[in-house]
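Trainee: In case you want the letters, here they are:
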Amino acid sequence: MSVLVYTENWDGKFKKASYELVSYATQVAEMLNTSVTAISIGKVNDDELLKLGGFGATKILKADDQHLNGLDNQAYTDIIARAAIEEGAGVIVFSHNNTGKALASRLSVRLKAAVGAGLIKLPVSLSPFIVYKKVFSGKAFAQVELKTEVKILTLMQNSFELVEADSRAEIVSFAGETGVPKTVIKDVQKQTGKILLTDAEVVVSGGRGMKSPDNWGVIEELADALGAATACSRPVSDEGWRSHDEHTGQTGKIIAPNLYIAAGISGAIQHMAGISSTKCIVAINTDSDAPVFEYADYGVVGDALKVLPALTRAVKEAKSK
Amino acid sequence: MKILVCLGNVPDTTTKVKFADGAALDKTGIQWIINPWDELALTRAVELKEDSGNAVDQVTVITVGGKDAEPTLRKALAIGADEAIRIDAEPADAYSVAAQIAEAVRDKGFDLILSGIESSDYNGSMVSGMLAEFLNNPSVSAVSGILIQGSEVELTREIDGGKEQVVVPAPFVAAVQKGIAREPRIAAMRGIMMARKKPLTVIPAVDVNPLTEFVKFELPQPKPPCKMIDAEDIDVLVQWLQNEAKVL
Ligand SMILES: Cc1cc2nc3c(=O)[nH]c(=O)nc-3n(C[C@H](O)[C@H](O)[C@H](O)COP(=O)(O)OP(=O)(O)OC[C@H]3O[C@@H](n4cnc5c(N)ncnc54)[C@H](O)[C@@H]3O)c2cc1C
Numbered sequence: 001m002s003v004l005v006y007t008e009n010w011d012g013k014f015k016k017a018s019y020e021l022v023s024y025a026t027q028v029a030e031m032l033n034t035s036v037t038a039i040s041i042g043k044v045n046d047d048e049l050l051k052l053g054g055f056g057a058t059k060i061l062k063a064d065d066q067h068l069n070g071l072d073n074q075a076y077t078d079i080i081a082r083a084a085i086e087e088g089a090g091v092i093v094f095s096h097n098n099t100g101k102a103l104a105s106r107l108s109v110r111l112k113a114a115v116g117a118g119l120i121k122l123p124v125s126l127s128p129f130i131v132y133k134k135v136f137s138g139k140a141f142a143q144v145e146l147k148t149e150v151k152i153l154t155l156m157q158n159s160f161e162l163v164e165a166d167s168r169a170e171i172v173s174f175a176g177e178t179g180v181p182k183t184v185i186k187d188v189q190k191q192t193g194k195i196l197l198t199d200a201e202v203v204v205s206g207g208r209g210m211k212s213p214d215n216w217g218v219i220e221e222l223a224d225a226l227g228a229a230t231a232c233s234r235p236v237s238d239e240g241w242r243s244h245d246e247h248t249g250q251t252g253k254i255i256a257p258n259l260y261i262a263a264g265i266s267g268a269i270q271h272m273a274g275i276s277s278t279k280c281i282v283a284i285n286t287d288s289d290a291p292v293f294e295y296a297d298y299g300v301v302g303d304a305l306k307v308l309p310a311l312t313r314a315v316k317e318a319k320s321k
Numbered sequence: 322m323k324i325l326v327c328l329g330n331v332p333d334t335t336t337k338v339k340f341a342d343g344a345a346l347d348k349t350g351i352q353w354i355i356n357p358w359d360e361l362a363l364t365r366a367v368e369l370k371e372d373s374g375n376a377v378d379q380v381t382v383i384t385v386g387g388k389d390a391e392p393t394l395r396k397a398l399a400i401g402a403d404e405a406i407r408i409d410a411e412p413a414d415a416y417s418v419a420a421q422i423a424e425a426v427r428d429k430g431f432d433l434i435l436s437g438i439e440s441s442d443y444n445g446s447m448v449s450g451m452l453a454e455f456l457n458n459p460s461v462s463a464v465s466g467i468l469i470q471g472s473e474v475e476l477t478r479e480i481d482g483g484k485e486q487v488v489v490p491a492p493f494v495a496a497v498q499k500g501i502a503r504e505p506r507i508a509a510m511r512g513i514m515m516a517r518k519k520p521l522t523v524i525p526a527v528d529v530n531p532l533t534e535f536v537k538f539e540l541p542q543p544k545p546p547c548k549m550i551d552a553e554d555i556d557v558l559v560q561w562l563q564n565e566a567k568v569l
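Protein chains in written order, with this note's numbering: chain G, 1 to 321; chain W, 322 to 569.
Chain W extracted, bound-state conformation (with noise of 0.2 Å):
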């Protein structure tokens, strides 16, 4: 069985982003990091991997990304995956971004295909349905559970207030979610070492056209000072609450 996990190359999640003319991301002085849903997919493959229960012979993982993205894919050997493959393309939009992982992935022989259920940079969740699509396969949103019994892959799927154990036939695409791996895998130096050993490749991408163009960022406007109540008094909280926020 082989797996491949798309990851996301996203700025650290302490952040306090700024925007070069209010069009574009200001990247001076960002700590790159794997999308944490992504690195929580790629830590349960790589435990799947692991289990020698399980006929997985191949953890890949790939991204859409420049040059500049090369350290979190070295990341992501370091943590366990077998080889990584880089589309030299700037990630435009989701639609884009899907449509060429299609394109390098598409008849690879990939049984499970995995990615995070979003990014933390755009916010948007659709890679992972939209790469299904381009490729024709079944898709799995909010799973929090994946596991190999024999030839099946037995997935959990949040929905509104429960879950639900699901089994679609293989290949298939997985949106996974918190819950899929206790925490994200760190990197320990062996497998730093091992990692430039391993295969890292780039290929050349595919002519798409994204269909968004993102033309203006704000940033939120400062809010008022929090008003204080006294832990004594707190009468005067619930007065505040049902007659100046009007919440209560």
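Next up, chain G with everything else stripped away, as it sits in the complex (with noise of 0.2 Å):
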């Protein structure tokens, strides 16, 4: 029995969520007395594989046949599947985003193996199989019975700290079969040089109290200063001020970073449903009543406008220091 554990990668690189998650495993094998395989699928060169070792993994598939090279949810559970088996996984490690997602899903099936999905800590006891994870998004917490012999986890990003471990990986090229691929990508557009909100540690979000999209230079501004992916509410995508990509709450994005900054935000439940694992949230309103007051760590009341461009100036002023 070990863990098996799916890492995803981005242009055949890892980032941060991937070894967070290979943390993770490396954990749940610990309780289990067991070691940790890695599964790589499509193109990625061996010092980038090397690194999952550097937190725990010790043997790593390598699945790079050339028609993998595109996410196509039915050869790659194929893979997964083909590998779980032959590597006899009592878990499979997935991360909750968008293709940890895709693919658990098809290997519950596949395997009938019970799913915990998005799971915000180590499993609560094993025996019997105890996972954790929010539900009514954020609203709530909930301990989960998974009942089948073999269990997928789905993590969710930044719930789980960086675990560095000494272990050496071995690479090992695996080539299952697969059915042909059906997913024909025709185009792929992707956004350059900008921090990704789903990774970004620190976030300055803007509503409607922005006022107009015209303002959005001094929210720009301190992200630049702080290193921040940008980020809004729902009224402020749909009325086309930002873009779609940037609305965080129930119905958009699902984030935790360490530092969020609402400004001009009232806090409305499912704006807040979108942040609830964020460590330090910072409020400013011009309201001293509005309810993002209720959630926040830190509070300003005052004019956003002018607020942001004064927070910009401390922050340049005390890391200069």
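None of these hints come from the bench; they were simulated from the model. Incorrect hints may have been included.
The calculated EDC-like cross-link candidates involving lysine to aspartate or glutamate, where the alpha carbons are at most 16 Å apart (straight line), are [as the list claims (entries may be wrong)]: (1) G/Lys319 - W/Asp556; (2) W/Lys537 - G/Glu145; (3) G/Lys121 - W/Asp432.
Starting from the two chains in their separate frames, assemble the complex, guided by the hints.
Mentor: Here it is as structure tokens:
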């Protein structure tokens, strides 16, 4: 029995979330007295693959067949299912991101394995096997029992600390047979040079209180000073003031940064549902009764258009010290 | 072309949830709505049908639930679905819901099977992919656009930091998210009247065991009150963020 973890790559690279995931898988494996095998699909060079060893993977299955370069949920499930069977995996770990959700769900049916979806910490107990997650978009937590022999866990991003390990990983080529991929990727559009909202440790976000898209300069300047990503509330993206990619909340992106600065955001429950795992929330609002202050750790009552530039100045000053 | 939309019946997003004995949702006083992403999926399905350039003949909605889920199905009919199916079982977990739907729709000629990417109650995001696997159909997740181009259906798939245009052969299952439709459609009076006459079929459940079980629910700990900083003293905020919260 082992723990298998699917480590997605982005243009041949892993990122912090990948290492969090391997750290998590390693801790689960320790609870079960077993080892971690990672599976990587698509083209990733060996130096990059070996980095997974630094977080506890001892074996890395490399499935880099040409036809697997674009995500095809069925073909990827074929490969991972086969790896799980060959490795005798008792637990299979995915990230709770778009790819992880798409694959974990198929694999669950393929292997008749229960899924603990969107977990925020290690299993609470092993027998019975109980996992821990948020439900109702962060309004409550739940313990869920997984009742099958093989279990699938999907981990929320930014919910587990990196744990470095000094294991050495061995890379093994893996050529599981798959059906012919049916997904034809006709075009790819990528943003470049921007910090991804879902990866960001610091996020500066604006709501309708920013009044107009022309006022976003003060948000961007603060984000630049902090190395932060930018976000917004739903009406702001609905109005087309900002791109839909920035919409945070229950129906937008769910994020878990260390710091979230909410400017001109009232704090509607649907907005806060998207940031309920944030470590520290700062609210800037002209209305001292705005609900956002019930969620915030630090609050400033004032005009965001004045407070944000002052904050940018103070951040730059503090950083230059 | 026939489109199926899977609908979840969930508590209104503003509900303050409570749990009976910490083990199950206390349903008293809850307003039920169509899961917000499923509502977007339905809106797009109805838009696709209304566009006469597309050969969409029918939009069917399906849910797994007791009689109390019927108002949600009627609402979907009022928004523009042509027929509704209720599978008569309590939705126990994603696996059993997907298994029930798969049994009900297998070989019924649906070309596009849509559902929302997540349900706002238990936040699992699993039903869509599970259903696809039960049906052995291709699946595409995080879909923010659907266009019918002749016999081909082109999908926009969201990836980290970008988008892809993809095509998969029908029949397929797609999990849709924000962007798929501009805003959820609101039922008009005429729609509500017409919905009463549209077919709502109840079909019996098949025997499937859930693979998971909720054993306990907890509410978050109350958080300490927000510390206020004078707008004229922003330096203090930066100091606190550095030294107290340690996030800078
Ligand atoms: C099913 C459903 C799902 C939803 N999903 C989401 C979601 O995912 N994300 C989301 O964000 N919303 C969502 N909403 C909408 C949500 O209910 C709120 O309407 C929305 O979050 C409000 O956005 P806002 O805070 O930007 O605007 P408002 O509520 O209009 O608040 C603006 C705030 O700015 C303050 N303000 C005004 N001027 C200034 C100034 N000069 N300086 C500082 N502050 C100022 C005001 O005091 C006010 O508090 C959803 C709603 C529903 C029904």
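Trainee: Which hint numbers doesn't this structure obey?
Mentor: 3
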